[in-house]
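**Q** As a plain string of letters, each chain reads:
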Amino acid sequence: MKVLVPVKRVLDYNVKPRVKADGTGVDLANVKMSMNPFDEIAVEEAIRLKDKGVTEIVVVSIGEQKAQETLRTALAMGADRAILIVSEEKVEPLGVAKLLAKIVEEEKPDLVILGKQAIDDDNNQTGQMLAGLLGVGQATFASKVELASDSVTVTREVDGGSETEKLSLPAIITTDLRLNEPRYASLPNIMKAKSKPLAQKTPADYGVDVSPRLTTLKVVEPAKRTAGVKVADVDELVAKLKAMGVAK
Amino acid sequence: MKTLVWVEHDGKVVKDATLAVVTAASKLGDVHLLVAGSGVDAVAAEAAKIAGVGKVHVADDAAYAHALAENVAPLVVSLMGDHDAFLVPATSNGKNIAPRVAALLDVMQISDILSVESEDTFTRPIYAGNAIATVQTKDAKKVISVRGTAFEKAATSGGSGTIEAVASTGEKGLSTYVGSEIAKSERPELTSAKIIVSGGRALQNSENFHSIIEPLADKLGAGVGASRAAVDAGYVPNDYQVGQTGKIVAPEVYIAIGISGAIQHLAGMKDSKTIIAINKDEDAPIFQVADIGLVGDLFKIVPELTEKL
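First to last, the sequence lines map onto chains A and B. Just so you know, we're using my numbering here: the first sequence kicks off at 1 and counts up by one. Just so you know, we're using my numbering here: the second sequence kicks off at 249 and counts up by one.
The shape of chain A in the complex, shown without the other chains:
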């Protein structure tokens, strides 16, 4: 059984983003970049499914040359080979989903596991779009995955609790935070990952038009909150709450 895991290179989640003064975007020069945290969970889940019948894990990333590093990280975690689709232009979720659909046609994976959202765009779209384009089942926000030979049962995090769905294969899954705890790549595995295959492609190789549908007119910082006050004790806090009408 083959699993495809798309991964994205994003600003590290610990870094506070800085909005560029000219309003064109967030400053990504000389800042730490990492694999999107939800994608790490997706890679980890694919690896854990290896003793449940998964024989090959292919990771794919779409973006600038440097996304190679992200793919090498996934290979060091335990993926078998990688595909990088190089695009110096930003590709929107719709374009990404179209490219992934082409790769799915070519690779014929039984399962595609994606992160539920990338922490840069916060879109939460790609997995669902891919499932729509392929006409297959989707289980978003997965917190538990049970794989059988011809189906997958997924517990999903939904508003108010959890929900379980069963999908026939092939299927698309997107990971939520609580699906698993991703492993760290060991040094020997990082070394080994350097010799694992990594194919390079371009969107044109797949005949997919990835020109953007959305234009970002400007990016600004959110309104700053005005500085607050510190109170000395509970009595003062109670008085404030009463003044606000929160407490009687």
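Derived from the structure by calculation, the hints contain no laboratory data. Misleading hints may appear alongside valid ones.
A short list of chain B residues far from chain A (calculated; beta carbon distances all over 12 Å) [stated by the list, open to error]:
1. 249
2. 265
3. 274
4. 303
5. 329
6. 367
7. 414
8. 452
9. 462
Dumping the calculated BS3-like pairs for lysine-lysine here, alpha-carbon to alpha-carbon at most 30 Å [to be verified]:
10. A:230 / B:556
11. A:144 / B:432
12. A:16 / A:66
13. B:389 / A:90
14. B:467 / B:528
15. B:260 / A:166
16. A:102 / A:66
17. A:102 / B:386
All C-beta atoms, glycine included, are put in the ideal place defined by N, C-alpha and C.
Starting from the known structure of chain A, fit chain B onto it as the hints suggest.
**A** This is chain B only, laid out in the frame that chain A set:
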């Protein structure tokens, strides 16, 4: 412009999340609703009373009973010949369904909008709310998810929508609903609560969370939330989580107790009207966004506060 709004419901009542979407949709043009489900006459009748609503399309079929995206998306697409935009609340259902619809229509979705600037221009948060982007779409049909806390709720009465049955697009056989576990709570729902009391890792365990956070919440009639750390540590179920990957809330008052204030948590609550922080670390980032801060030991402060209220 004609808009189609996904009505979020539980089979019995229209959920609040729908109301903010109606307001957002009314800024674009005529508001039509879609009630999809099984045995949803009562929901449709309630939906038709929402102020400003025109047509209410009702798709009653077992295939829609659990809002499975595989069945619902083709239904929405079948209605998009007559509509220019499809709007959903950014709930788990909305986020599950809308991008599938967008892909079938070959358009880019605009996620989690904060405002409608014009018919094709919207603002939305990126990078966990650390930046606000203004985006313009070139697509003829628009698919949009709406952040509930960013728009006023439409009135639940005064409307006179006409109810119209729509043909089912049927069961696609790609997925099956197996079951669900929905947490029962007597407290106000997090995303619509006026006051939220939220606890973090500093509570140390589940017992403390229940014995310290909940009495204060009950005294204030507040909803109870938690940071990711508290959820990961198993103090409370994960639907309590407030943040970039949990719920986005904007209550009148948000009381953060034993929460340091990581970027990802702030993303979920920094639009609250008043933020109150109780933390023993006076350098905790939460104090940079708090309107009122109290530095000290929550195990002493919170019971005292509950007592004095």
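**Q** State for each hint whether it applies.
**A** Checked hints:
1. The beta carbon of residue 249 of chain B sits about 18 Å from the closest Cβ of chain A, which is more than 12 Å, so the claim that it is off the interface holds.
2. Not every CB of chain A is more than 12 Å from the CB of residue 265 of chain B (nearest about 8 Å), against its label as outside the interface.
3. Every Cβ of chain A is farther than 12 Å from the Cβ of residue 274 of chain B; the closest lies at roughly 23 Å, confirming the non-interface assignment.
4. The non-interface label for residue 303 of chain B is consistent with chain A: the shortest C-beta to C-beta separation is roughly 25 Å, beyond 12 Å.
5. Non-interface call for residue 329 of chain B relative to chain A: holds, since the shortest CB-CB distance, roughly 18 Å, exceeds 12 Å.
6. For residue 367 of chain B, the condition that its CB be more than 12 Å from all CB atoms of chain A holds, with the nearest at approximately 14 Å.
7. Interface exclusion of residue 414 of chain B from chain A stands, the closest Cβ pair being 20 Å apart, more than 12 Å.
8. The beta carbon of residue 452 of chain B sits about 20 Å from the closest Cβ of chain A, which is more than 12 Å, so the claim that it is off the interface holds.
9. With a cut of 12 Å on Cβ distances, residue 462 of chain B stays outside the contact zone with chain A, its closest approach being about 17 Å.
10. Annotation: proposed proximity of residue 230 of chain A to residue 556 of chain B holds, straight-line Cα distance about 19 Å (limit 30 Å).
11. At most 30 Å may separate the alpha-carbon atoms for a hinted pair to count; residue 144 of chain A and residue 432 of chain B meet this at roughly 21 Å.
12. The suggested pairing of residue 16 of chain A with residue 66 of chain A holds, with an alpha-carbon distance near 21 Å, which does not exceed 30 Å.
13. This hinted pair checks out: residue 389 of chain B and residue 90 of chain A have alpha carbons roughly 22 Å apart, not beyond 30 Å.
14. Only pairs whose Cα atoms come within 30 Å are accepted, and residue 467 of chain B paired with residue 528 of chain B is accepted, the gap being roughly 23 Å.
15. In summary, the hint linking residue 260 of chain B to residue 166 of chain A is supported, as the alpha carbons are separated by about 25 Å, within the 30 Å threshold.
16. At roughly 22 Å between alpha-carbon atoms, residue 102 of chain A and residue 66 of chain A fall within 30 Å of each other, so this suggested pair holds.
17. Using a Cα cut-off of 30 Å, the hinted pair residue 102 of chain A and residue 386 of chain B holds, with the two alpha carbons roughly 24 Å apart.
Hint 2 from the earlier list is the only one contradicted by this structure; the remaining hints agree with it.
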